[in-house]
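Following the hints, position chain B against chain A.
Number of protein chains: 2
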Amino acid sequence: MIAKKMQEMVKNSSAIRAMFEEGTKMASMYGEDKVYDFSLGNPNVCAPPSVKQALLELVTTEDPKILHGYSNSNSGDPYVRDTVANSLNRRFGTTFRGKNIIMTVGAAGGLNVILKTIVDPHDEVIVFCPYFGEYRSYISNFEGVLVEVNADTKTFQPNISEFEKKITAKTKAVIINTPNNPTGVVYGEPVIVKITEILKQKQAEFGTEIYLISDEPYREIVYDGLEVPYLTKFYENTVVAYSYSKSLSLPGERIGYLVVPDEVSQSELVLAAANVANRILGFVNAPSLLQKVVARCIDEKTDLAYYDRNRHTLYEGLTGCGFECVKPEGAFYLFMKSPVPDEKAFCEHAKKYHILMVPGSSFSCPGYVRIAYCVSYETIVRSLPEFKKLAEEYF
Amino acid sequence: MIAKKMQEMVKNSSAIRAMFEEGTKMASMYGEDKVYDFSLGNPNVCAPPSVKQALLELVTTEDPKILHGYSNSNSGDPYVRDTVANSLNRRFGTTFRGKNIIMTVGAAGGLNVILKTIVDPHDEVIVFCPYFGEYRSYISNFEGVLVEVNADTKTFQPNISEFEKKITAKTKAVIINTPNNPTGVVYGEPVIVKITEILKQKQAEFGTEIYLISDEPYREIVYDGLEVPYLTKFYENTVVAYSYSKSLSLPGERIGYLVVPDEVSQSELVLAAANVANRILGFVNAPSLLQKVVARCIDEKTDLAYYDRNRHTLYEGLTGCGFECVKPEGAFYLFMKSPVPDEKAFCEHAKKYHILMVPGSSFSCPGYVRIAYCVSYETIVRSLPEFKKLAEEYF
Chain A
0 MIAKKMQEMV
10 KNSSAIRAMF
20 EEGTKMASMY
30 GEDKVYDFSL
40 GNPNVCAPPS
50 VKQALLELVT
60 TEDPKILHGY
70 SNSNSGDPYV
80 RDTVANSLNR
90 RFGTTFRGKN
100 IIMTVGAAGG
110 LNVILKTIVD
120 PHDEVIVFCP
130 YFGEYRSYIS
140 NFEGVLVEVN
150 ADTKTFQPNI
160 SEFEKKITAK
170 TKAVIINTPN
180 NPTGVVYGEP
190 VIVKITEILK
200 QKQAEFGTEI
210 YLISDEPYRE
220 IVYDGLEVPY
230 LTKFYENTVV
240 AYSYSKSLSL
250 PGERIGYLVV
260 PDEVSQSELV
270 LAAANVANRI
280 LGFVNAPSLL
290 QKVVARCIDE
300 KTDLAYYDRN
310 RHTLYEGLTG
320 CGFECVKPEG
330 AFYLFMKSPV
340 PDEKAFCEHA
350 KKYHILMVPG
360 SSFSCPGYVR
370 IAYCVSYETI
380 VRSLPEFKKL
390 AEEYF
Chain B
0 MIAKKMQEMV
10 KNSSAIRAMF
20 EEGTKMASMY
30 GEDKVYDFSL
40 GNPNVCAPPS
50 VKQALLELVT
60 TEDPKILHGY
70 SNSNSGDPYV
80 RDTVANSLNR
90 RFGTTFRGKN
100 IIMTVGAAGG
110 LNVILKTIVD
120 PHDEVIVFCP
130 YFGEYRSYIS
140 NFEGVLVEVN
150 ADTKTFQPNI
160 SEFEKKITAK
170 TKAVIINTPN
180 NPTGVVYGEP
190 VIVKITEILK
200 QKQAEFGTEI
210 YLISDEPYRE
220 IVYDGLEVPY
230 LTKFYENTVV
240 AYSYSKSLSL
250 PGERIGYLVV
260 PDEVSQSELV
270 LAAANVANRI
280 LGFVNAPSLL
290 QKVVARCIDE
300 KTDLAYYDRN
310 RHTLYEGLTG
320 CGFECVKPEG
330 AFYLFMKSPV
340 PDEKAFCEHA
350 KKYHILMVPG
360 SSFSCPGYVR
370 IAYCVSYETI
380 VRSLPEFKKL
390 AEEYF
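Those protein sequences? They're chains A and B, same order as listed. Okay, so the first sequence: first residue is 0 according to numbering that gives the first Met the number 0, each after it adds one. Okay, so the second sequence: first residue is 0 according to numbering that gives the first Met the number 0, each after it adds one.
No wet-lab data here; the hints were simulated from the structure. The reader is advised that the hints may include incorrect statements.
All copies of an identical chain are treated as equivalent in the list; a pair is satisfied when it fits inside any one copy or across any two copies.
[Stated by the list, open to error] Taking lysine-lysine pairs in the DSS-like style, the calculated list, with each CA pair at most 30 Å apart, reads:
(1) Lys64 x Lys51
(2) Lys51 x Lys169
(3) Lys64 x Lys98
(4) Lys164 x Lys3
(5) Lys4 x Lys199
(6) Lys98 x Lys24
(7) Lys51 x Lys300
As the structure is a computational prediction, the values presented were derived from the model and not from experiment.
So here's chain A without its partners, still in its complex pose (with noise of 0.2 Å):
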């Protein structure tokens, strides 16, 4: 009865509910301080006081008429697109106007409606394993085809010389995600001039344009004063997907940005047809209260010091025990090896300890399980007596 592509769909989430209810249950049973839930990318952490202010401001002071109406445009608020693009050009360097970002339904929205402005049906968008599984959805969303390259599971940093053999005359997208889910490293200039290299070679070859999607929900949340190369300057068709949901901790607010440069080949026509997409795949607009309460918090942060210190605890315990993985650099991910090749056991058997992690295999990545340790610290610390059981049963 229900549409023949959504069948499949719902067997596979049915798993993510069911390992979500999971959760609630072992909950229940055991309270809340006995399970430890690493399975959500909902920030622990809470959003910045200056969301608060901004909010009880703009409700008490602006006419509400304009405050909740129609933005001026499907593309958004003129003054917080002006607010955005002068922030990247100060932080990056850059030269956007306000009319090069697209407000956004979060970055989930604005890669669909990227990805609706620019794909047509069997164009192929590459894509680096591991990396989050929603962008199979989002492709299929428009009929495109999805193309993995294969981790590279020594650094987890991007398989280059397969990335440009799997490069075709149909390659319509390249999507990158730095810093990274799951495995939260951060790809370093070097990489990224390689990647963009290739991109531009390949163009020529083929003749056509190669967009590059930059998804960057994770781009504040980097430690040891990494920098995060800002992709725009390296290559010319190039368009950001950004969102607040982790850099001011609002991710059931639905706000984010896409950024299209004037560069981007017939930029004009990619930004008229993507404040189409916006409209007509049902977002009308931004939340409206939420565009002005991130334009006034613009230059707000998230407490990095905390998931840093969940990041220590977590990496040293878990390497301390046996465990192996790349440290992160970025995002509030750990993509820790399985000490069995079927990660799925693996995950399951953990449960045991009440610990609940994602099987790599939903990164298309198996042999590896997500921790998201953006989680509180105290059940990081009352986690890894229990990790240690685990391993011990492994090592």
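Same frame as chain A, now just chain B:
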């Protein structure tokens, strides 16, 4: 470079944008009080004071991690869903539970979610002319085929005999919109009974399920104490798409819901699929703060008297100078007969008097124009002498 499907859409949307920009330009040239922009459905009535109160209370008292966090499920906050279900049950004698409600990014989001859930490529979706033009894009998003039932321009009630003929074995859904945009008419119970009887017969005849999708952002905006029948009581396979855009004057906040009653065939599967669709289309969940706001304002209503005064003043004024139109019973639109067959030329000509209206062709009903009277009362009063001058050129 952009997707082929988007190229045509960008062209069409440029016309709408051009009109919007013309309105802005005219306002800056002649002064806002000398431009009569009836083109947009952006409410001129403020959100009720309880919305402000709810926002202030929530922001002041709730834990920001929960207030702004992801909803427990993609279908929304359980308390909010229960509140919506209970409110509907109180008002319409239904028996919904929270699980029948999916909070969505407005009705536009909800319509896309339910269409994604049920429409396979080449499935037919029936709409009654004149209709909200965005249905074309929503249906096209999922490769559905739009089937139009021509308007009965005497009453603007559904053309029942043509409707019956247009239903085929490929009909997957029928969208109805009452109170109607653009005509303002309300479908009474006898009409609903006829439509749903035909659907029951056709389901039996073809051995198919045909979903009746009720798009009802204007449900609360009815005049003269008229009743808008609640469609789930007439037909089992009914899905309701609702929005708070008009009823609480929150169009920019993108908050609404879908109702999928237990009586819908394979209701559990439809709900599960709609939950997935909400996620993978990029909505993820309806904006979290606003979900909680509408739950607190569940029994609030917009200032109907304001719109009603506009309705009377405009209707009397227009008919008084010779224009013809069906008197609107709901929503805040008036669908006026163009004095010449080419209503686009008429709209162009009306700009001489700084009057902006939308050609009926946008709603697949040429020869008519839509006047959105959700403007200020003063705009209506000031526009009438200009309408009179306009009329004198034709009658």
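Practice item. Hint by hint, work out which the structure violates, then give me just those numbers in ascending order. Key: 2
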